[in-house]
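**Student:** Line by line, the protein sequences give chains A and B. Just so we're on the same page, the numbering used here is the position in the first sequence counted from 1, plus 44. Just so we're on the same page, the numbering used here is the position in the second sequence counted from 1, plus 148.
Read the hints as simulated data drawn from the structure, not as lab findings. One thing to keep in mind: the hints can contain errors.
As the list claims (entries may be wrong) - SDA-like, lysine to any residue: derived pairs with alpha carbons at most 25 Å apart:
no., chain 1, residue 1, chain 2, residue 2
1, B, Lys386, B, Gly544
2, B, Lys540, B, Thr390
3, B, Lys328, A, Gln311
4, B, Lys540, A, Leu306
5, B, Lys386, A, Gln311
6, B, Lys410, A, Glu374
7, B, Lys540, A, Gln310
8, A, Lys232, A, Glu374
9, B, Lys188, B, Ser243
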Amino acid sequence: MNFELTLERQMMQDSLRRFLSDRYTTQMRNGILDSDAGFSADIWAQLADLGILGALFAEEQGGYGGAGFDIAVVFEELGRAGVVEPLLDSAILGGGLISALGSADQQKLVEQVIEGSLHLAFAHGEPASRYDLQHVETTASQQGDAVTLNGCKAVVVNAEAAGYLITSAREFGAPRDEAGISLFLVPKDAPGLSMRGYPLLAGGRAAEVALDKVTLPVTARLGGAGAGYPVIAERAAAASVALAAETLGAMETATALTRDYLQTRQQFGRPIGSFQALQHRMADLLIELTQARSAVINAAGHLSAAPRLRDLHISAARNLVARVGRLVAEESIQLHGGIAMTQDYALAHIAKRIVMAEHRFGDADYHLETFIDLTA
Amino acid sequence: MDLNYSVEEQAFRAELRLFLAEKLPPEMADAVREGRGLGKEDYERWHAILNQRGWLAPNWPREFGGCEWSAVQRHIFEEECARAHAPRIVPFGLSMLAPVLQKFGSKAQQDHYLPRILSGQDWWCQGYSEPGAGSDLASLKTKALRDGDHYVVNGQKTWTTLGQHANWIFCLVRTDPTVKQQAGISFLLIDMDTPGIEVRPIILLDGSAEVNEVWFSDVRVPVENLVGVENKGWTYAKYLLTHERTNIAGVGFSQAGLAAVKRLARSQQHRGRPLIENPHFAARVARVEIDLMAMSTTNLRIVSAAAKGQAPGVESSMLKVKGTLIRQEINDLARRAAGVYAMPFASEAVLGSNEAPIGPDGTAAVAAQYFNNRKLSIFGGSNEIQRNIIAKVKLGGER
Ligand SMILES: Cc1cc2nc3c(=O)[nH]c(=O)nc-3n(C[C@H](O)[C@H](O)[C@H](O)COP(=O)(O)OP(=O)(O)OC[C@H]3O[C@@H](n4cnc5c(N)ncnc54)[C@H](O)[C@@H]3O)c2cc1C
Ligand SMILES: Cc1cc2nc3c(=O)[nH]c(=O)nc-3n(C[C@H](O)[C@H](O)[C@H](O)COP(=O)(O)OP(=O)(O)OC[C@H]3O[C@@H](n4cnc5c(N)ncnc54)[C@H](O)[C@@H]3O)c2cc1C
Numbered sequence: 045m046n047f048e049l050t051l052e053r054q055m056m057q058d059s060l061r062r063f064l065s066d067r068y069t070t071q072m073r074n075g076i077l078d079s080d081a082g083f084s085a086d087i088w089a090q091l092a093d094l095g096i097l098g099a100l101f102a103e104e105q106g107g108y109g110g111a112g113f114d115i116a117v118v119f120e121e122l123g124r125a126g127v128v129e130p131l132l133d134s135a136i137l138g139g140g141l142i143s144a145l146g147s148a149d150q151q152k153l154v155e156q157v158i159e160g161s162l163h164l165a166f167a168h169g170e171p172a173s174r175y176d177l178q179h180v181e182t183t184a185s186q187q188g189d190a191v192t193l194n195g196c197k198a199v200v201v202n203a204e205a206a207g208y209l210i211t212s213a214r215e216f217g218a219p220r221d222e223a224g225i226s227l228f229l230v231p232k233d234a235p236g237l238s239m240r241g242y243p244l245l246a247g248g249r250a251a252e253v254a255l256d257k258v259t260l261p262v263t264a265r266l267g268g269a270g271a272g273y274p275v276i277a278e279r280a281a282a283a284s285v286a287l288a289a290e291t292l293g294a295m296e297t298a299t300a301l302t303r304d305y306l307q308t309r310q311q312f313g314r315p316i317g318s319f320q321a322l323q324h325r326m327a328d329l330l331i332e333l334t335q336a337r338s339a340v341i342n343a344a345g346h347l348s349a350a351p352r353l354r355d356l357h358i359s360a361a362r363n364l365v366a367r368v369g370r371l372v373a374e375e376s377i378q379l380h381g382g383i384a385m386t387q388d389y390a391l392a393h394i395a396k397r398i399v400m401a402e403h404r405f406g407d408a409d410y411h412l413e414t415f416i417d418l419t420a
Numbered sequence: 149m150d151l152n153y154s155v156e157e158q159a160f161r162a163e164l165r166l167f168l169a170e171k172l173p174p175e176m177a178d179a180v181r182e183g184r185g186l187g188k189e190d191y192e193r194w195h196a197i198l199n200q201r202g203w204l205a206p207n208w209p210r211e212f213g214g215c216e217w218s219a220v221q222r223h224i225f226e227e228e229c230a231r232a233h234a235p236r237i238v239p240f241g242l243s244m245l246a247p248v249l250q251k252f253g254s255k256a257q258q259d260h261y262l263p264r265i266l267s268g269q270d271w272w273c274q275g276y277s278e279p280g281a282g283s284d285l286a287s288l289k290t291k292a293l294r295d296g297d298h299y300v301v302n303g304q305k306t307w308t309t310l311g312q313h314a315n316w317i318f319c320l321v322r323t324d325p326t327v328k329q330q331a332g333i334s335f336l337l338i339d340m341d342t343p344g345i346e347v348r349p350i351i352l353l354d355g356s357a358e359v360n361e362v363w364f365s366d367v368r369v370p371v372e373n374l375v376g377v378e379n380k381g382w383t384y385a386k387y388l389l390t391h392e393r394t395n396i397a398g399v400g401f402s403q404a405g406l407a408a409v410k411r412l413a414r415s416q417q418h419r420g421r422p423l424i425e426n427p428h429f430a431a432r433v434a435r436v437e438i439d440l441m442a443m444s445t446t447n448l449r450i451v452s453a454a455a456k457g458q459a460p461g462v463e464s465s466m467l468k469v470k471g472t473l474i475r476q477e478i479n480d481l482a483r484r485a486a487g488v489y490a491m492p493f494a495s496e497a498v499l500g501s502n503e504a505p506i507g508p509d510g511t512a513a514v515a516a517q518y519f520n521n522r523k524l525s526i527f528g529g530s531n532e533i534q535r536n537i538i539a540k541v542k543l544g545g546e547r
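Looking at chain B on its own, in the form it has when it is part of the complex (with noise of 0.2 Å):
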């Protein structure tokens, strides 16, 4: 064991942060840092700098056009990404539907699909979730129906994160319905611009609209759209679903998200003194970070693990189980550092505008931003069901 990082190492974190130093737009990274809602072009531009320098997929096999960083290059470039305030890079393109085409889809799906998700002209949105079908995903009902060379589709998503901005859908589909529920999903991948498909906004509490209900009727999709075999779609479904929890871990994201925190902390002054010095608000900053450094390393042994080939399972949950408790009291933190000012309510309209916000630096978003981050132990798989799956295979003996 060395916890040390070599030489290679700490070169490729220098020339990491010279490249965001010279190519991240810095008022991209200040929206970032005082959590003002980015748009579609700001993601849009940061996915093209980063292709433009081949670093837009680290997980991804050189043959497809990725980086194929070792699990110790994507934590730098993790941490540096978000030491830097550099945007979110929206996963479900990249890091969630490529994995599964790099494995289960066809040549053609490869060739055509692969490169326009590192070239930015498809943005991919995740159809998963429905009314009924939440934690219980394998109960869902939009129907895909065989006509000829098309299916047919009908149903109902919901929770389609940023759908709004999506050209292109990713669903799971019931293609038969009389076998028992695992058996007889599908997953299709669905042009939004097809006739039939509408998107509705559905408002968070925080004030943001990142999500939406996607409605179909009567959808006609190739059925060259199919990836793999028809009715095998719950085995792909899955293997999605490992990718999207390592990357739920969110390393980075609660670094800067500490490091705001102290910001914070020390800008404000609590009975005469700064914040930071009071031994009530230092004690939980330090256990918190006492945690995130442990996470870190967690996060890092089974990433580690995960790319010698033994598939990440118990321990991608939980990776998303601590990791985004971490996350979530690191904003309750930021939230009681801003005092009465996490009061105004700074909606994404405001924030966008070129008003300057109420209150100190970094106070403005803080407690929309704790609100809204509760979403973090409920998707990707909710907390609970992370640890039925930690439990089933611990107690069980299950693997």
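Chain A with its partners taken away, still in its complex shape (with noise of 0.2 Å):
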């Protein structure tokens, strides 16, 4: 076994984090986070330069990553300097599904997303699924070279800026079935569809999407009719993996920030962290922080697994980084007193980004029932 990171991936690392803990500072953050857009496109051409969403794709699908690992690496990154932009949801999910199904010319769509001109959002989940990836009830039908969509999406991340959304839709099927359900390429200003978007509490936008006789022609299908369903699956892993090791590089900022806080303020006339009380707490915080990282190795490592192993292995890091995520969270804003408390101070943002990343792909309970239906 080797646990060090390959070369091209410390050197993505290292670079990655030089850029973020220059340019995306918590004033700029707060800026970002206060815009309409509710990303910075500047941001995002850098990140595109540096070759970070080029990172994420494999090499067949004009990238130079695209496994456990680089999603990790990346991943980790972004969530230790609390970043809002996009990357989940235009290369991950989108650039994902389009690589992993589309046609030739569909995947020219990749390109642009590599080189950061196109943002993409999966609209998948709809009011009443919940965390469930096979329940859909959004229909399509098909008629000759058309096929007209109907339903609703619900908390599409990245909808507005996004030029096309990738659609599930039930071509045949109960609503939670596995088989029937496919995916669309629907062009944002398709006829037909509708969006309200509003921002997100831990940074970003969503909307809820209206689909209502939005027709497309056939071509717009990625993949086969009805056949969507194991791509969304492991692209939902994909995902989860993404969503853990962003949520384990928040635990890191947000444990040092309390360690050098419990170093630096006083009360009593003497440190905070000179109490017990707190340094166990602290100590606590760091073992599971040390177990929050194996969890992630572990899912990074399975994602290119078959599909029970991949899952099992991802439901564990999941349940895991939740129970974790939400104890580092509180208690770090808990050892920080009312300071924490303040939307200004760093901590305030990095602890909604750990707990609100369980609202994505599953909490910590439906991870935990996935994980007992695998082991049982």
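With the hints as a guide, dock the two chains, each given alone in a separate frame, to form the complex.
**Tutor:** Pasting the structure below:
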């Protein structure tokens, strides 16, 4: 076994960390959070120039990475800096789905994603689906060369910025069947598509998307009719690796800020870090953080394993990281006292990133149940 | 022992329910239920409604216009108000300052300030904490120097809750820098309209603007605004804090919060079934409900003992720690119940507007509330400070 990063990944980590620590300051980020777009086009372009988007795709997809550890390395750094730019949505989800399923023509969009000129969103979840990937009520009906979509999509992250919404819809079967789900490339301005956009608590934006007789040519379908589920599950697994790694990075920042604060904040004539009650809690956070890192490594290392084994490790990691995440976020705030509750202090945003990551692709309970199902 | 409510107590509850059904404005109850921020006028309106009925001051003695309710009555009142989604009663004047004035204030102060608290004429805020004096409150630096028949106050307070609405602030100030920290502090009442006071908002992590910094430069305060004896302020401050902590158990809020979690979990689907039927979620809800049932009785036991004249000491610290942990756990459950719909940002501005919130009923504010209520274990003497108090008393044999 070898737990060292490859030289290439090490270099990518270093350059990304350097770039973000120089450019992605708390002040900069707070400006981005307040902006109407919810992300910075400038930062986006520079991340693309640095090759960060390319690192999320395999060579045959036009990138130079794409494996679980590439995703983990990138997202850990994004999490460390509290980055809100939609790499998950444009690259891991949108770009990943197209490169897995798309025709040669459709694949050209991936190049645009990698060079930073195209945004994507994954319009999959629905008001009643919660975290269930196979729960799709939106319908697609084909007539001749045209397909018509009808339904609603919930909390579609990055929808407003996206050129295309990769939209799931059911061509046959019952709402909770795995078979029957297709994916379509829906241009953002397709007639019949409407959206209500809003900011997210932890940064970035999303929209409620309504599809009212959105009619597309059949060539807008990605892959075969009704065969989308396995790829959706695979990309959700990749997204889970990304989210777990991002949360790990954010937890690193939260504990580092807390450790520094314990050493500097004076009360009762001494640093609060001299109180054993707080020292032990800091020690517990560090123990849990070490565990979280191992869980992320397990998940990243099994991303390309067979679905059952992959999902077992993914759910284990998401459950553990969600539990540790809540602990780290809450304890970091508590050990800081009032100051951590203020919007301007870096920890406030980091803590929100940590906790709110649990709400994408399954919370602690959801992954606990998946794990039980797979191990029972 | 008898765990049943007496006939009188049941009648009291019925009377309260009737009152709340008739007098609590429905739009106000909706706002509270949905976690929308309330404005100054809302608080004032509810305050006036309660005052008119004579139910504003459950803990005050009759001689000052209070209800002098028993511990059980107060508990019922708290429960029913929370159940009906009544706004919280802003505590600074009514349940923090008033007990201090009643015990330590001059007759003139009692006659002047207490009726104004009841009538709502004055909105008080609490000027204890400073940037360098949080848990270590006694290290506060805001100075008040005697100059003829005035004190001249200089310094900065922080975390002043709802200070933007207040016209008066009760402050701890240093009147003697030469003695042991606790011995040089005085308790001063300051009119916020006095020249030299500046209030600056602090935005919290959920976007709310409920706390402030308050700056004092050469603020002249008449000496008759001193409560009790100069340099004895620490005694009064500690007396006030035990009152602050007893109210912090928040059993009523937890009960209302738990009911909301269950409502939400009944309406949300999880793997094709109502979330409330999910064993993991249900187990978590049950666990906190069991804690809350015991907490409710703990609260009654402690408050009844206090009413019989036994000072609430370490017990109020226990109430604070356990009560806040329970409330925070309920907030966490609400956040999880909302699923992906916890993600939208529901700012005070958005929630106050006419626009329909994003997501199903009851989900809009849950994540913001979860983050906002991290404050519960920090303020009013942090939970660590409460544990220190409990340990010191129980290990050190002090009382
Ligand atoms: C089953 C068993 C097998 C053992 N086998 C061996 C053996 O083979 N050879 C051998 O030499 N010893 C052995 N030990 C002894 C073992 O190493 C001691 O029990 C251990 O070092 C703790 O000492 P103590 O039991 O005296 O507890 P104490 O040192 O009295 O501690 C009591 C409690 O106080 C806590 N505490 C103490 N100091 C601090 C501090 N500074 N800060 C915070 N908390 C503190 C401890 O963590 C503990 O919770 C064994 C013990 C057990 C129970
Ligand atoms: C939303 C909000 C509203 C507030 N409203 C008011 C108000 O209206 N008026 C007012 O005067 N104040 C108010 N406060 C201030 C509040 O009382 C303080 O935040 C609190 O006393 C803690 O102080 P601190 O934030 O400076 O934390 P610190 O004292 O710096 O504490 C930081 C951490 O160290 C821990 N710690 C400190 N000392 C010890 C010790 N000896 N042993 C173990 N752990 C320790 C604390 O528990 C905490 O976890 C409010 C605070 C908040 C967050």
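**Student:** Give a verdict on every hint.
**Tutor:** Each hint tested on the structure:
no. : hint                  : verdict
1   : Lys386(B) x Gly544(B) : 20 Å, holds
2   : Lys540(B) x Thr390(B) : 16 Å, holds
3   : Lys328(B) x Gln311(A) : 16 Å, holds
4   : Lys540(B) x Leu306(A) : 22 Å, holds
5   : Lys386(B) x Gln311(A) : 18 Å, holds
6   : Lys410(B) x Glu374(A) : 24 Å, holds
7   : Lys540(B) x Gln310(A) : 21 Å, holds
8   : Lys232(A) x Glu374(A) : 39 Å, violated
9   : Lys188(B) x Ser243(B) : 18 Å, holds
The earlier numbered hint that this structure contradicts is number 8, and it is the only one.
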